[in-house]
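Participant: For reference, the chains in residue letters:
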Amino acid sequence: VTATLGAERVVDLLDAVRSSVPLVQCLTNAVVSGVTANALLALGATPAMTDIPDEAGPFAAVASAVLINTGTPRAEQRVAMTEAAAAAQAAATPWVLDPVAVGTLPVRTALARDLLRFSPTAIRGNASEILGLTGAGVGGRGVDAVDAPEAALDAAATLASELGTIVAISGATDHVTDGARVIRVSNGHPLLTAMTGGGCVLGAVIAAFLAVGDDALSATVAATVVYTIAAELAAVTARGPGSFAVELLDCLATVTDRDVRERLRLA
Amino acid sequence: VTATLGAERVVDLLDAVRSSVPLVQCLTNAVVSGVTANALLALGATPAMTDIPDEAGPFAAVASAVLINTGTPRAEQRVAMTEAAAAAQAAATPWVLDPVAVGTLPVRTALARDLLRFSPTAIRGNASEILGLTGAGVGGRGVDAVDAPEAALDAAATLASELGTIVAISGATDHVTDGARVIRVSNGHPLLTAMTGGGCVLGAVIAAFLAVGDDALSATVAATVVYTIAAELAAVTARGPGSFAVELLDCLATVTDRDVRERLRLA
Amino acid sequence: VTATLGAERVVDLLDAVRSSVPLVQCLTNAVVSGVTANALLALGATPAMTDIPDEAGPFAAVASAVLINTGTPRAEQRVAMTEAAAAAQAAATPWVLDPVAVGTLPVRTALARDLLRFSPTAIRGNASEILGLTGAGVGGRGVDAVDAPEAALDAAATLASELGTIVAISGATDHVTDGARVIRVSNGHPLLTAMTGGGCVLGAVIAAFLAVGDDALSATVAATVVYTIAAELAAVTARGPGSFAVELLDCLATVTDRDVRERLRLA
Chain A
118 VTATLGAERV VDLLDAVRSS VPLVQCLTNA VVSGVTANAL LALGATPAMT
168 DIPDEAGPFA AVASAVLINT GTPRAEQRVA MTEAAAAAQA AATPWVLDPV
218 AVGTLPVRTA LARDLLRFSP TAIRGNASEI LGLTGAGVGG RGVDAVDAPE
268 AALDAAATLA SELGTIVAIS GATDHVTDGA RVIRVSNGHP LLTAMTGGGC
318 VLGAVIAAFL AVGDDALSAT VAATVVYTIA AELAAVTARG PGSFAVELLD
368 CLATVTDRDV RERLRLA
Chain B
118 VTATLGAERV VDLLDAVRSS VPLVQCLTNA VVSGVTANAL LALGATPAMT
168 DIPDEAGPFA AVASAVLINT GTPRAEQRVA MTEAAAAAQA AATPWVLDPV
218 AVGTLPVRTA LARDLLRFSP TAIRGNASEI LGLTGAGVGG RGVDAVDAPE
268 AALDAAATLA SELGTIVAIS GATDHVTDGA RVIRVSNGHP LLTAMTGGGC
318 VLGAVIAAFL AVGDDALSAT VAATVVYTIA AELAAVTARG PGSFAVELLD
368 CLATVTDRDV RERLRLA
Chain C
118 VTATLGAERV VDLLDAVRSS VPLVQCLTNA VVSGVTANAL LALGATPAMT
168 DIPDEAGPFA AVASAVLINT GTPRAEQRVA MTEAAAAAQA AATPWVLDPV
218 AVGTLPVRTA LARDLLRFSP TAIRGNASEI LGLTGAGVGG RGVDAVDAPE
268 AALDAAATLA SELGTIVAIS GATDHVTDGA RVIRVSNGHP LLTAMTGGGC
318 VLGAVIAAFL AVGDDALSAT VAATVVYTIA AELAAVTARG PGSFAVELLD
368 CLATVTDRDV RERLRLA
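Protein chains in written order, with the working numbering: chain A, 118 to 384; chain B, 118 to 384; chain C, 118 to 384.
If you're looking for bench data, these hints aren't it; they were derived computationally from the structure.
The beta-carbon is built from N, C-alpha and C at its ideal position, and this holds for glycine as well.
Be careful, since some hints might not be right.
Distance windows between CB atoms, simulated [claimed, not checked]:
id	chain 1	residue 1	chain 2	residue 2	range
1	C	ALA265	B	ARG380	46 to 56 angstroms
2	A	SER278	C	THR275	43 to 53 angstroms
3	B	ALA209	C	ASP129	50 to 60 angstroms
4	C	ASP129	A	ALA227	55 to 65 angstroms
5	C	SER137	B	GLY281	54 to 64 angstroms
6	C	ALA289	A	SER137	15 to 25 angstroms
Could you put the whole structure together from the sequences, leaning on the hints where they help?
Facilitator: This is the structure:
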């Protein structure tokens, strides 16, 4: 597995993102929409935050990939999310579900579970959110996980198998599974948890990689690797969470093939 | 008063915020939601921007503190704000009202005045907003105060006494009153007025301190002190309003007990 | 033309913005509201993101200028936009239409075309958006132009003549026309396209300049010049798109008359 998902595969996919400039539609929360768009631009993708009814569906049919993040799911956006997920499925546009705070809060929990019928290509969340999505968890504290990634691994594998999707559990070590295999990415930095959107942005980066990768497991792992290595590079010069968020954008734009080869830590 | 609210009390409360990681629910305006969440994270708190109906109330009952900021009060958010304020009062969760542009604009003025029935633990605004909340003012220019803090002090003291709340009037010198006492905080820097959310973020910081302090006056003063001292530290290296906003987050994360002791300017 | 719109005219208008502190009401998209408010503050203006029904109209009547940007036009905001445009026209408040992704997406296309009846003082968009507004284009990719500015020049000139407005087409070289004349601004930097809001912020800056300039063509050109020269200055020290966005705010606050005189590139 680590052979097929090694550094050269990551590098190929990163180069593909940068050369093909995928159009990533984001229906995401109000808090992180700016940093999410900026991260996609820095990576070399084009963001489009098209999230109103009657536009979200048509756009999902032509976008390169779609992100649906349940962080602040107002009524109008919930309608647009359902419309976009249905259109993405119908058009075979890859799409990512990021079930922010699912399991804790009732409106988004019902929404996210309902969206599963449109077969997300990948699901990214922390352990509490993945458990909450499957109904197995006690819920987190908003975006904070109260469970370690390992605690959600069985639920994630079952979810991945049943839906034919990829589940990425974020944590100090990220766990990515297709139900049969589990890839662990140990890159990253604690400052990612000290900026808002540290996890949400990864969902958008995964969408960008899904747009260029035939294999969803490889694409999800590659996105996680590139993002967490950029975070490591950003942490080198950051003086705190404010400068870290700025450096992260700079490093997403400048992370090199060599950085990937030298820093990759898969298991 | 300055004895009980001196540097050691501020330091104790700052340490308590950092060690207890309060969960601060923010129903705030769309412009500053990102910087507000980032400031809370930098300070050591956990933000949750839960602001939709049917989620805002249940969450306010379990959050450590709640912020309600009227900067962009859409219809759905107004419902959620009323729900959250009622739940916070019922659950004895401390909550802060930040009446942005109240007195100038009709929808939010009616909303903010109505929210007073749920007994906010603290109210933070500029002089024009405090006067507008009490019906005494002619209104500001959006978030700009046209009145000096002193001009709103009588209205603030009356409001504080009648509601049993703390009123913090932001300005070059911040005035904090419980109706009987007035504490003046002379820390801060003009660059706080050159970044969006310079005042709004303080409302969230006050909520974080209310979560750990038994005495609302002390907590409000301590929050103001820590925030405005972080601003002073940020201004040392800032080259303009863009880098100041970045440095402010870094300094909220790194401000030390020694910084507080050396820089505190209460009156 | 270049004589009347030369460096001294730009400098005069920049000084007028800084000395008069215009109040710029922004009804803009959720992604860029923070950076837009920060850019206006850095420039020396006062932003107010008043965009709900029953407040947007009354505020537009007293604001110095209004920006309407169709990037994320939710139903409630669309009502407020119509209200604000009508009030701005009635009160002779200058206002800018930024038709983000118009021509591509149906809801905002209908909205933007309808808003033309309220006679915007200026319209700013990329070539695809200007063509989309007039019904002549095939649409862009969200905020990405698929057409060069020159391709939209005829449509822009016709639009400007028919409505008595100014049309600014953003691109590597910005084209500004009143229907009779075309001014080309060759200042700027590619990093403006690597941050979200690079174009949207210019719409707000144009509104700020319209507030102080009697002649809408001069004001639109001056805004474009100041903004794109600030971008050039920011690019000198930026290490990537993250630091560029920070430096841009710093440079908007510090750009000098001398910078304008030395760097101006009009044609």
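Participant: Hint by hint, note whether the structure agrees.
Facilitator: Verification of the hints:
| no. | hint | result |
| --- | --- | --- |
| 1 | C/ALA265 x B/ARG380: 46 to 56 angstroms | 55 angstroms, holds |
| 2 | A/SER278 x C/THR275: 43 to 53 angstroms | 59 angstroms, violated |
| 3 | B/ALA209 x C/ASP129: 50 to 60 angstroms | 58 angstroms, holds |
| 4 | C/ASP129 x A/ALA227: 55 to 65 angstroms | 58 angstroms, holds |
| 5 | C/SER137 x B/GLY281: 54 to 64 angstroms | 43 angstroms, violated |
| 6 | C/ALA289 x A/SER137: 15 to 25 angstroms | 22 angstroms, holds |
Consistency with the previously given hints fails for numbers 2 and 5, ordered from lowest to highest.
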